[in-house]
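There are 4 protein chains.
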Amino acid sequence: MQGKIALEEHFAMEGTVHDSAGFAPAEDWVELKARLLDIHDRRLAEMDAHGIEMMLLSLNAPAVQALSDRNRAVDLSRRANDFLAEQVARRPDRFQGLAALPMQDPDAAARELDRCASALGFRGALVNGFSELAGTDHALYYDRKEFWPFWSEVERLGVPFYLHPRNPLAKDAAIYEGHRWLLGPTWAFGQETAVHALRLMGCGLFDAHPRLQIILGHMGEGLPYSMWRVDNHNKWMRTQNAYPARRKIADYFRENFYITTSGNFRTQALIDAMLEIGADRILFSTDWPFENIDHAADWFDTAAISEGDRLKIGRDNARALFGLGDA
Amino acid sequence: MQGKIALEEHFAMEGTVHDSAGFAPAEDWVELKARLLDIHDRRLAEMDAHGIEMMLLSLNAPAVQALSDRNRAVDLSRRANDFLAEQVARRPDRFQGLAALPMQDPDAAARELDRCASALGFRGALVNGFSELAGTDHALYYDRKEFWPFWSEVERLGVPFYLHPRNPLAKDAAIYEGHRWLLGPTWAFGQETAVHALRLMGCGLFDAHPRLQIILGHMGEGLPYSMWRVDNHNKWMRTQNAYPARRKIADYFRENFYITTSGNFRTQALIDAMLEIGADRILFSTDWPFENIDHAADWFDTAAISEGDRLKIGRDNARALFGLGDA
Amino acid sequence: MQGKIALEEHFAMEGTVHDSAGFAPAEDWVELKARLLDIHDRRLAEMDAHGIEMMLLSLNAPAVQALSDRNRAVDLSRRANDFLAEQVARRPDRFQGLAALPMQDPDAAARELDRCASALGFRGALVNGFSELAGTDHALYYDRKEFWPFWSEVERLGVPFYLHPRNPLAKDAAIYEGHRWLLGPTWAFGQETAVHALRLMGCGLFDAHPRLQIILGHMGEGLPYSMWRVDNHNKWMRTQNAYPARRKIADYFRENFYITTSGNFRTQALIDAMLEIGADRILFSTDWPFENIDHAADWFDTAAISEGDRLKIGRDNARALFGLGDA
Amino acid sequence: MQGKIALEEHFAMEGTVHDSAGFAPAEDWVELKARLLDIHDRRLAEMDAHGIEMMLLSLNAPAVQALSDRNRAVDLSRRANDFLAEQVARRPDRFQGLAALPMQDPDAAARELDRCASALGFRGALVNGFSELAGTDHALYYDRKEFWPFWSEVERLGVPFYLHPRNPLAKDAAIYEGHRWLLGPTWAFGQETAVHALRLMGCGLFDAHPRLQIILGHMGEGLPYSMWRVDNHNKWMRTQNAYPARRKIADYFRENFYITTSGNFRTQALIDAMLEIGADRILFSTDWPFENIDHAADWFDTAAISEGDRLKIGRDNARALFGLGDA
Ligand SMILES: [Zn+2]
Ligand SMILES: [Zn+2]
Ligand SMILES: [Zn+2]
Ligand SMILES: [Zn+2]
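Protein chains in written order, with the working numbering: chain A, 1 to 327; chain B, 1 to 327; chain C, 1 to 327; chain D, 1 to 327.
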């Protein structure tokens with residue numbers, strides 16, 4: 001399929017690229033690093049070769065979210081977004097931006113998002129999971145009350161928020177001890193991000209801000225398969241899930257969430273997702289440069305779905321969600 | 001469908017029933033407790049009413065696994081298994097047994113399994129996830145080397161091992177802080193059990209003991225949807241998952257695992273599971289008394305699958321796996 | 001689901017009701033006849049009871065299409081449409097009309113459709129397959145050149161055309177000899193209507209009139225399952241299908257056709273149709289009074305699809321296609 | 001996948017090859033003819049290249065079935081089967097035989113099948129739809145009473161019977177007039193063969209001979225998608241389908257039929273078939289030389305199904321059905 005739009009697509013700056021070193025074995029790091037630092041050469045050639053018209057770019061992970069110093073987080077966000085804006089300005093027909101945000105400081109994050117959306121023309125934000133913060137021994141998840149004013153601003157700006165994975169803190173990763181291979185995209189990314197998303201759903205955030213739209217990668221981080229059980233286990237009991245939100249979790253999932261195909265090029269999972277959240281809320285993505293664009297595109301272009309859904313998932317849903325027009 | 005066999009079906013004794021109290025709100029505890037303590041009345045009536053010919057019974061959770069005192073674990077296992085054997089003896093046409101095992105003491109667990117399989121006629125074992133052990137601050141997962149002689153004995157006996165969920169230790173549950181509703185069947189059960197299963201697959205256990213058969217409940221604890229990504233993320237990198245096992249994780253999943261429908265009565269998930277692990281390795285179960293038998297049976301009897309697969313999943317696969325004959 | 005719209009829903013007048021007698025065994029004819037002649041009593045009660053907000057009504061089959069006398073066909077169409085307009089006027093919030101058309105006389109059919117759309121406010125037309133015509137020994141299919149001016153008018157009016165089944169002429173039904181049970185909805189309806197639709201696709205009609213929208217009932221009369229083979233058999237040969245149309249048959253199917261669930265309440269088939277033509281082109285219908293409304297609604301309301309797709313198939317697609325607004 | 005078995009694979013002799021001329025455009029006839037006449041060269045090379053260990057070979061179509069002279073039909077069958085036996089004898093590790101049968105003479109057909117199964121070691125029969133017979137103006141379908149002794153012999157021999165398509169007689173093809181492109185595999189093959197199969201199911205044959213196993217190609221000739229409607233249309237009526245057989249049509253379909261993937265390399269249809277008839281009754285096939293082996297194998301080897309089902313459909317089901325052992 002020609003004209004695809006992809007939206008979990010990462011770049012790095014010299015100052016952040018080493019955050020990705022842990023995600024490649026030593027023998028592949030040279031290649032991964034080169035891919036991350038490139039925007040206009042190899043990347044564009046891959047896009048051309050595999051029918052991707054546009055990428056929404058975002059900073060690599062965890063980057064900003066791992067800076068426990070608030071000021072450094074604010075500073076890095078600003079620099080990364082300025083850098084990205086420059087790159088986009090060179091090829092606005094092929095690249096658009098998603099903002100990095102210093103969630104350690106919710107007010108600053110809201111201001112930076114406003115600046116990115118208003119002044120830089122960014123289409124939304126991509127945040128790498130929970131944030132670390134000096135003086136706090138635990139991961140900051142964004143269902144906490146101190147983030148609600150931030151969410152209010154996201155809703156006001158009307159831009160989507162991509163909740164991207166990161167690994168758990170070492171202190172919270174006992175279950176993976178002796179099995180580091182389970183960290184990252186193998187498994188831990190999904191658990192981290194799915195639970196973070198569930199916390200957002202259960203906390204009542206979407207009752208207060210029903211127009212918020214959150215994007216999850218990797219075919220929904222496992223949620224479509226398990227969403228029924230979240231709401232329906234032990235159905236005979238009078239109370240099942242005691243959370244502040246007013247509705248079923250699945251209601252929020254299908255009204256406030258989109259999922260992408262990034263890093264999960266599996267037709268069986270795609271079909272299951274279509275039968276749970278529907279083709280209108282699924283978006284093509286690759287997760288470049290961690291995944292190959294040809295792996296994503298060759299799979300998607302021939303996956304066993306209808307051609308109409310292929311157009312929607314491959315392009316039209318993203319156009320509508322990000323207001324990309326027909327350009 | 002008549003003649004169904006169900007295999008994640010729990011009972012409690014007076015000494016263990018309170019382990020289940022945390023899984024019901026106060027207003028439903030009386031009912032849950034009564035259901036757990038009953039075997040021959042309400043349970044049989046429900047089975048008769050919904051076409052369940054046989055239940056393989058197992059002790060409630062976490063029971064034995066939560067006893068950090070090795071001797072108490074050994075003692076409780078033995079008492080529970082003796083009690084269960086008496087119940088089965090009253091109606092062997094309707095009930096068969098799965099052994100509780102004191103995994104805190106691998107040798108004792110192996111001996112108890114041998115006793116249950118040989119002397120009591122049990123059909124396999126059901127263990128409630130990791131074990132706690134005095135003097136150890138972490139959860140004991142069964143991929144650890146000290147359990148390999150136990151697994152060797154399981155393979156020798158040729159009986160299936162049901163890996164049942166439990167909640168993480170409090171120290172490992174930070175991600176659920178402020179969101180206790182995510183514990184138990186809502187979400188944490190799945191994460192615990194899926195990772196435990198992945199550890200077994202990755203550690204090489206099934207290379208050494210290829211005939212082992214592990215059963216996972218709840219439509220596979222999320223694994224079918226995410227299994228492709230476990231093996232295929234970042235596919236261009238020369239090494240992806242560095243684990244001791246020799247083969248792809250999915251190879252073990254489809255050769256050494258079965259999954260059941262317990263507590264996950266969702267056709268979309270069932271279809272996805274059928275397209276990942278195949279109907280030959282899916283088994284009907286309800287998770288009584290936490291789930292209602294009518295909820296399970298009414299769903300399963302009309303789910304959108306072929307009648308041939310319904311017979312296999314509902315009965316024939318279990319017959320073959322547990323050697324239940326045509327009785 | 002509340003608020004459903006159904007669009008293959010039939011009524012009869014005293015003059016046409018006997019056309020349906022062959023579709024019921026004698027013991028059920030009294031009931032079927034009563035259902036066909038009723039509009040405002042039993043029908044509305046059924047709609048209320050099963051969440052159907054609106055029915056688009058159409059005359060029973062074959063009615064007009066079986067009148068080999070052109071003038072009688074014109075006359076019956078007009079009378080039926082006037083009668084239907086009166087019924088709709090009594091409850092425009094619950095009923096809308098689809099025109100009967102005297103296709104034996106393409107000019108008259110075009111004029112009658114114009115009258116129905118413009119003067120009577122009908123939403124489209126429903127025609128019962130091929131027409132018979134005095135002096136012609138064969139079935140008149142609407143790909144024939146004499147119908148193209150009619151199709152031009154349909155496109156100009158911008159209203160959908162429902163191609164409803166009928167049985168083959170006796171002379172063309174040799175394959176069913178000795179097996180009359182295969183006639184009607186069992187099998188022959190599907191073959192007749194699918195081939196008629198394929199003729200329309202292959203003749204080039206949709207190249208000339210790309211905005212035409214044809215509706216097929218009964219989950220697409222078998223076409224979704226076989227559409228790939230229509231275009232892709234013997235793929236190595238340089239020419240496969242020699243027909244006048246310019247594009248692949250599947251291209252027309254997904255751009256010029258909608259399908260409904262009438263009389264085919266099967267989740268497996270619905271899922272297959274969703275993966276071939278997509279949820280945007282599937283519409284809920286029952287085929288009352290030949291099918292029960294509860295059979296259709298109970299199935300559809302719980303079928304294993306996403307809630308978003310349920311809303312689209314159950315109501316929103318029909319609203320958009322027929323311009324029904326939010327009323 | 002290595003080790004596949006394919007069973008709708010045709011060859012021709014000089015005397016029958018022209019029967020296939022109508023299925024290729026002139027420019028492809030040289031190639032098709034060469035493919036049909038080859039067995040040990042190009043064919044084996046294709047098999048080697050695409051993981052097909054064994055082909056069950058059958059004569060091209062319609063061949064014997066189109067000979068209205070009984071004696072010629074008997075003679076051609078015998079010659080074709082002798083020729084095939086010689087070819088199989090040269091490479092029994094790679095080829096096995098399916099018998100051509102002179103159904104115009106049911107007794108002779110039974111004797112020839114016995115000879116093929118007993119003396120020639122054939123694994124079953126493949127018959128090209130209805131037979132023509134001098135003095136009869138209609139197609140002979142095999143539900144007719146004169147064929148029941150033949151079916152009794154098929155059951156006694158315990159060999160499968162492949163019901164292969166052919167086109168309708170010209171007198172019965174009015175619906176395709178002006179649209180010859182709809183003949184053959186595009187559409188008419190499916191209608192002919194599906195109705196023939198339905199006649200067998202409805203006539204009561206499988207009540208009398210419950211061990212008969214019929215194979216249909218092309219993913220079941222459309223039947224899986226429409227089977228529910230065959231049995232369930234107009235469900236409220238007290239009698240729906242009046243046929244001699246005692247059970248629902250779907251019961252026979254899933255107990256007396258297998259389907260193959262020949263010429264229908266579509267994942268969506270395969271999944272639907274799996275949800276209707278189950279993976280245990282689906283068999284890989286290509287329909288060589290009308291279809292390319294690479295088209296069939298490349299699709300099947302990566303289709304979105306479980307690896308366990310791939311092994312069954314690709315090989316193990318055929319092994320069990322035809323008694324091919326593990327060779
Ligand atoms: Zn990413
Ligand atoms: Zn349980
Ligand atoms: Zn109808
Ligand atoms: Zn063939």
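Any given hint could turn out to be false.
Claimed, not checked - Using 30 Å as the maximum straight-line C-alpha spacing, the simulated DSSO-like pairs for lysine-lysine come out as follows: (1) K145/B with K33/B; (2) K248/D with K171/C; (3) K171/B with K248/A; (4) K248/C with K145/C; (5) K145/C with K171/D; (6) K171/A with K33/A; (7) K145/D with K248/D; (8) K33/C with K171/D; (9) K33/D with K171/C; (10) K235/C with K235/D; (11) K145/A with K248/A; (12) K33/C with K171/C; (13) K171/C with K235/D; (14) K248/B with K171/A; (15) K33/A with K248/B; (16) K248/C with K235/D; (17) K171/A with K145/A; (18) K145/D with K171/D; (19) K145/B with K171/B; (20) K235/A with K145/B; (21) K171/D with K171/C; (22) K33/B with K235/B; (23) K248/B with K235/B; (24) K235/C with K248/C; (25) K145/B with K145/A; (26) K248/B with K235/A; (27) K33/B with K171/A.
For the record, the hints were derived by calculation from the structure and aren't laboratory data.
Here is what the structure says about each hint:
At roughly 37 Å between alpha-carbon atoms, K145/B and K33/B are farther apart than 30 Å, so this suggested pair is violated. This hinted pair checks out: K248/D and K171/C have alpha carbons roughly 29 Å apart, not beyond 30 Å. A C-alpha spacing of about 29 Å is found between K171/B and K248/A, which places the hinted pair at or below 30 Å, so the restraint holds. A C-alpha spacing of about 21 Å is found between K248/C and K145/C, which places the hinted pair at or below 30 Å, so the restraint holds.
Note on K145/C and K171/D: the hinted pairing holds, with a Cα-Cα distance of about 24 Å set against a maximum of 30 Å. For the proposed pair K171/A and K33/A, the alpha carbon gap of about 28 Å is at most 30 Å, so the pair holds. The suggested pairing of K145/D with K248/D holds, with an alpha-carbon distance near 21 Å, which does not exceed 30 Å. This hinted pair does not check out: K33/C and K171/D have alpha carbons roughly 36 Å apart, beyond 30 Å.
In summary, the hint linking K33/D to K171/C is not supported, as the alpha carbons are separated by about 36 Å, beyond the 30 Å threshold. At most 30 Å may separate the alpha-carbon atoms for a hinted pair to count; K235/C and K235/D exceed this at roughly 40 Å. Of the supplied pair hints, the one linking K145/A and K248/A holds, its CA atoms being roughly 21 Å apart against a limit of 30 Å. A distance of roughly 28 Å separates the Cα atoms of K33/C and K171/C; the hinted pair therefore holds under the 30 Å criterion.
Restraint check for K171/C and K235/D: the C-alpha separation of about 29 Å stays at or below 30 Å, so the hint holds. Taking the CA atoms of K248/B and K171/A, the gap is near 29 Å; set against the 30 Å cutoff, the hint holds. Note on K33/A and K248/B: the hinted pairing holds, with a Cα-Cα distance of about 27 Å set against a maximum of 30 Å. As the CA atoms of K248/C and K235/D are separated by approximately 37 Å, the hinted pair breaks the 30 Å bound.
With a CA separation close to 24 Å, the supplied pair K171/A and K145/A stays within the 30 Å bound. Distance check on the hinted pair: K145/D and K171/D sit about 24 Å apart at the alpha-carbon level, within 30 Å; holds. A hinted pair counts as satisfied when its Cα atoms are at most 30 Å apart, and K145/B with K171/B qualifies at roughly 24 Å. Only pairs whose Cα atoms come within 30 Å are accepted, and K235/A paired with K145/B is rejected, the gap being roughly 39 Å.
Taking the CA atoms of K171/D and K171/C, the gap is about 9 Å. The hint holds against a cut of 30 Å. Restraint check: the Cα-Cα separation between K33/B and K235/B comes to about 49 Å, which exceeds 30 Å; the hinted pair is violated. Note on K248/B and K235/B: the hinted pairing holds, with a Cα-Cα distance of about 13 Å set against a maximum of 30 Å. Our distance criterion of 30 Å between C-alpha atoms is met by K235/C and K248/C, whose separation comes to about 13 Å.
Simply put, K145/B and K145/A have alpha-carbon atoms about 45 Å apart, too far for the 30 Å limit, and the pair is violated. Distance check on the hinted pair: K248/B and K235/A sit about 37 Å apart at the alpha-carbon level, beyond 30 Å; violated. About 36 Å separates the Cα atoms of K33/B and K171/A, which puts this hinted pair outside 30 Å; it is violated.
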